[in-house]
Structure formats: C-alpha cells, structure tokens
Amino acid sequence: DQQVKQNSPSLSVQEGRISILNCDYTNSMFDYFLWYKKYPAEGPTFLISISSIKDKNEDGRFTVFLNKSAKHLSLHIVPSQPGDSAVYFCAASLFGNAGNMLTFGGGTRLMVKP
Amino acid sequence: DGGITQSPKYLFRKEGQNVTLSCEQNLNHDAMYWYRQDPGQGLRLIYYSQIVNDFQKGDIAEGYSVSREKKESFPLTVTSAQKNPTAFYLCASSIGDRGSQPQHFGDGTRLSIL
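Listed in order, the protein sequences are those of chains C and P. Counting from 1, one number per residue, gives the positions in the first sequence under the numbering used here. Counting from 115, one number per residue, gives the positions in the second sequence under the numbering used here.
Be aware that one or more of the hints could be misleading.
Unchecked claim - For lysine to any residue, the following SDA-like pairs were computed, each having C-alpha atoms within a straight-line distance of at most 20 Å:
1) P/K184 - P/T134
2) P/K123 - P/T193
3) C/K5 - P/D152
4) C/K68 - P/S214
5) C/K54 - C/L94
6) C/K5 - P/D173
7) C/K68 - C/Q6
8) C/K37 - P/G117
9) C/K38 - P/Q215
10) C/K56 - P/S214
11) C/K37 - P/F202
12) P/K123 - C/Y39
13) C/K38 - P/G154
Think of the hints as simulated: they come from the structure by calculation, not from any bench. Remember, it's a predicted structure, so these values are computed and weren't measured experimentally.
Use the sequences and the hints to build the structure in full.
In structure tokens:
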C-alpha cells in the first residue's frame with residue numbers, strides 16, 4: 001500500500017508559467033515532507049522541505065504548501081525555466097525508534113517548454 | 115568538495131554471483147542509506163545505518179547485505195538470493211536521523227544481469 005502518491009506521472013508547462021506538482025499521503029504521523037529533483041542517471045537533489053506544523057515554506061522560486069486535513073502537499077515553481085525539466089519526487093519522513101525513514105512517491109516528470 | 119561517491123556507475127552481474135556496490139561519503143554524516151529505484155517507480159529503502167557497526171533492514175532487504183565498519187563507508191552486497199537485481203541503486207547520507215536533516219544522494223549505480 002503506497003503511503004505517498006504522486007498521481008500525475010508527467011506535467012508539461014510553458015517557460016515563465018507556474019508549475020504545480022502534487023503529492024498525497026495517507027499516514028498522519030509523517031513529521032516532515034521533502035521535495036527532491038532528479039536528472040537522468042544522477043541521484044536526487046534536495047530542493048525544499050516543510051515541517052508538519054507549518055503550511056507553507058518558500059525558497060526563491062520554489063514554494064511548498066501543506067494541507068494536513070486533506071493530507072496533500074504541492075510544490076509550486078514560479079517562474080518555470082527549461083532547466084527545471086526533471087523528475088520530481090516528494091518524500092515523507094517518519095521519525096520512529098529506528099530513526100529517520102523516508103517514504104517516496106513515484107515521481108512526476110516535469111517538462112518546461114521554451 | 116564534500117559529497118557522496120558511488121562506484122562503479124555501471125555494473126553487470128552473472129547468474130549466481132554476488133556483487134558489491136561501493137558508497138563513500140566525506141560529509142562526516144552519521145546516517146547512511148541504500149535505496150533501489152525501478153523504472154517509473156519511487157525509491158525503496160533497502161538498508162540504513164545510523165552509526166558505525168549498526169544497521170537496520172528497510173522495506174526490501176531480502177537478498178541484500180551491508181556493513182558499516184567505517185563512518186565514511188557503507189557498501190551494499192547484492193547476493194545471488196536477490197532474484198531480480200536489475201535496478202538503479204542509490205546511496206544517501208544525512209547528518210543526523212531527523213526529518214529536518216535531509217538526505218543527500220550519490221549519483222547511483224546501475225546494475226544489470228548478463
């Protein structure tokens with residue numbers, strides 16, 4: 001049973017417009033949510049995170065929104081640039097007796113057209 | 115520069131053969147992780163280690179083994195018991211084991227069966 005889901009496998013956006021990537025989760029015990037960006041044949045790169053006690057975190061062109069009642073988070077990229085084209089993974093952290101465990105969604109491929 | 119180094123980038127395994135994937139980090143991070151990524155899917159946790167000489171199984175540990183004899187190194191052995199080893203393997207590390215301390219990834223090793 002997938003605890004973290006990204007229901008859109010791909011998204012295409014025009015350069016300069018807003019990109020919105022969505023992520024849903026089922027476990028209300030997750031305490032942190034993270035977004036990673038991945039280019040082909042490379043490891044994921046950390047982008048931005050948000051604590052479960054907040055509803056918004058912003059870093060430059062990237063903003064993450066968290067709606068705990070809906071168990072939904074989204075990543076907004078404004079303005080989108082061709083270099084943003086990559087696969088984006090959301091991940092949720094659950095701190096338990098065994099430390100930091102990350103659960104990843106399946107990823108969304110973003111294509112930003114010039 | 116500090117970072118995580120995985121080697122080799124590509125690896126081929128014969129039937130019945132064990133192979134070992136290397137992961138080295140010079141970030142002075144305590145925690146290290148191994149993930150597997152299959153095409154079109156998210157990352158799944160194989161093993162993780164919070165400190166030297168200690169490690170725990172993740173969600174898909176069967177057919178894999180690890181060791182953590184040094185803080186900098188966390189090699190993964192894919193044994194012959196792993197019947198479907200073809201995948202992209204990612205190593206990660208984090209400074210601690212809290213969700214607020216994001217995991218940083220190497221560039222991965224792609225393992226294929228001959």
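Which numbered hints turn out to be false for this structure? none
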